[in-house]
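Chains F and S are the protein sequences, given in the same order. Residue 11 in this note's numbering sits at position 11 of the first sequence, and the numbers go up by one each step. One rule links them: number in this note's numbering = place in the second sequence (from 1) + 110.
Calculated from the structure, these hints are not laboratory results. Where hints are given, some of them may not hold.
If the Cβ cut is set under 10 Å, some of the chain S residues that face chain F in the computed set are [claimed, not checked]:
id, residue
1, 139
2, 204
3, 206
4, 208
5, 209
6, 211
7, 213
8, 237
Heads up, simulated EDC-like pairs for lysine to aspartate or glutamate below, C-alpha to C-alpha not over 20 Å straight-line [claimed, not checked]:
id, chain 1, residue 1, chain 2, residue 2
9, F, 9, F, 100
10, F, 19, S, 247
11, F, 85, S, 208
12, F, 85, S, 202
Beta carbons: idealized from backbone N, C-alpha and C, even for Gly.
For reference, the chains in residue letters:
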Amino acid sequence: MCPWVKVAKVSEIKPNSMKEFEVAGYRILIVNTLGELYALEASCPHMGYALKFGSLSNKVLRCGFHYAEFDVEDGRVLKEPVDGKGTRGLKSYPVKVEGENILVLLEEQK
Amino acid sequence: MKISRFQTTKNVGREMVEKAGVDVDLLITKLKRAAAAEFTTYYYYTILRMHCSGLEGEGIKEVVEDARLEDRLHFETLVPRIYELGGELYRDLKELHDDAACAAAYLPKDPSDLAEILKVLLEAERCAVRVYTEICDMTFGKDHRTYDISLAILHEEVEHEAWFQEILEGRPSGHFRRRKPGEGPYTQKFRHIE
Numbered sequence: 001m002c003p004w005v006k007v008a009k010v011s012e013i014k015p016n017s018m019k020e021f022e023v024a025g026y027r028i029l030i031v032n033t034l035g036e037l038y039a040l041e042a043s044c045p046h047m048g049y050a051l052k053f054g055s056l057s058n059k060v061l062r063c064g065f066h067y068a069e070f071d072v073e074d075g076r077v078l079k080e081p082v083d084g085k086g087t088r089g090l091k092s093y094p095v096k097v098e099g100e101n102i103l104v105l106l107e108e109q110k
Numbered sequence: 111m112k113i114s115r116f117q118t119t120k121n122v123g124r125e126m127v128e129k130a131g132v133d134v135d136l137l138i139t140k141l142k143r144a145a146a147a148e149f150t151t152y153y154y155y156t157i158l159r160m161h162c163s164g165l166e167g168e169g170i171k172e173v174v175e176d177a178r179l180e181d182r183l184h185f186e187t188l189v190p191r192i193y194e195l196g197g198e199l200y201r202d203l204k205e206l207h208d209d210a211a212c213a214a215a216y217l218p219k220d221p222s223d224l225a226e227i228l229k230v231l232l233e234a235e236r237c238a239v240r241v242y243t244e245i246c247d248m249t250f251g252k253d254h255r256t257y258d259i260s261l262a263i264l265h266e267e268v269e270h271e272a273w274f275q276e277i278l279e280g281r282p283s284g285h286f287r288r289r290k291p292g293e294g295p296y297t298q299k300f301r302h303i304e
């Protein structure tokens with residue numbers, strides 16, 4: 001069975017923006033920046049807050065609550081949250097576009 | 111046999127929220143962290159307010175005072191809901207501080223720089239707006255009471271953000287004075303204290 005899952009349409013995510021989707025029990029954040037699409041887990045691993053409320057600057061995703069920063073390409077931590085507790089990186093999922101649809105491979109993480 | 115005073119029957123208020131599909135334990139965590147952020151913000155704003163002095167600073171002081179007092183009232187407004195849902199407050203104040211939903215609003219390195227103080231205040235309010243938006247999203251149409259409380263707080267946090275943005279950036283100002291310091295006009299109906 002094909003593990004690629006349709007998450008959204010390309011037209012739903014404007015350039016330099018991000019949007020959260022719930023699909024197959026996963027909360028996925030689709031990021032559109034610098035002409036590329038990325039799929040990441042939608043909650044900050046630090047305290048579980050929604051990253052859709054954060055900010056995006058090129059390939060840096062910043063959580064709006066304790067200002068942890070992540071690389072959207074692979075989810076790695078670029079800056080720890082300011083409370084000093086530390087956080088793991090974001091789960092990152094492979095993405096492909098077929099026609100108008102954005103598909104995400106949920107079973108395998110990058 | 112002595113019956114524990116904490117031995118209770120089922121709580122329909124919680125049960126209805128669970129049946130509506132809300133993860134109540136997660137909601138309690140979010141409400142506790144929101145309350146923690148209000149409590150710590152009240153404390154840090156006390157320090158920030160003290161440094162709003164001089165010709166320009168005194169004009170800001172009263173606005174900071176409104177936000178400071180209302181944030182404390184938000185804490186008071188949230189606490190009963192946490193207990194109604196079966197949660198409880200942190201027993202250790204250090205734990206409360208470290209678990210707060212928003213970063214600590216520390217005094218900037220140069221405490222005489224009013225613009226830097228305003229940036230700290232603005233970031234704190236923006237975080238609060240995100241916190242209550244998330245709780246409203248989580249409870250809308252499912253937990254009517256928590257939604258109503260969170261929406262009322264959100265109204266006030268959005269106003270706080272606007273006040274500080276107007277002062278810092280010189281945006282057109284729709285800031286009307288509160289009828290009394292820290293009035294909390296939207297959250298008033300949930301409180302039974304002054």
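Hints and how they fare:
1. 139: holds (8 Å)
2. 204: It is violated, given that the least Cβ distance between residue 204(S) and chain F is near 12 Å, above 10 Å.
3. 206: violated (12 Å)
4. 208: Constraint on residue 208(S) satisfied, holds at 6 Å.
5. 209: Hint holds; residue 209(S) Cβ to chain F Cβ min 8 Å, cut 10 Å.
6. 211: With a minimum Cβ separation of about 6 Å from chain F (threshold 10 Å), the hint on residue 211(S) holds.
7. 213: holds (5 Å)
8. 237: Hint holds; residue 237(S) Cβ to chain F Cβ min 6 Å, cut 10 Å.
9. 9(F) / 100(F): With Cα atoms ~5 Å apart, residue 9(F) and residue 100(F) stay inside 20 Å; holds.
10. 19(F) / 247(S): OK: residue 19(F) and residue 247(S) at ~14 Å, within 20 Å.
11. 85(F) / 208(S): The given pair, whose Cα atoms are some 9 Å apart, holds under the 20 Å limit.
12. 85(F) / 202(S): holds (17 Å)
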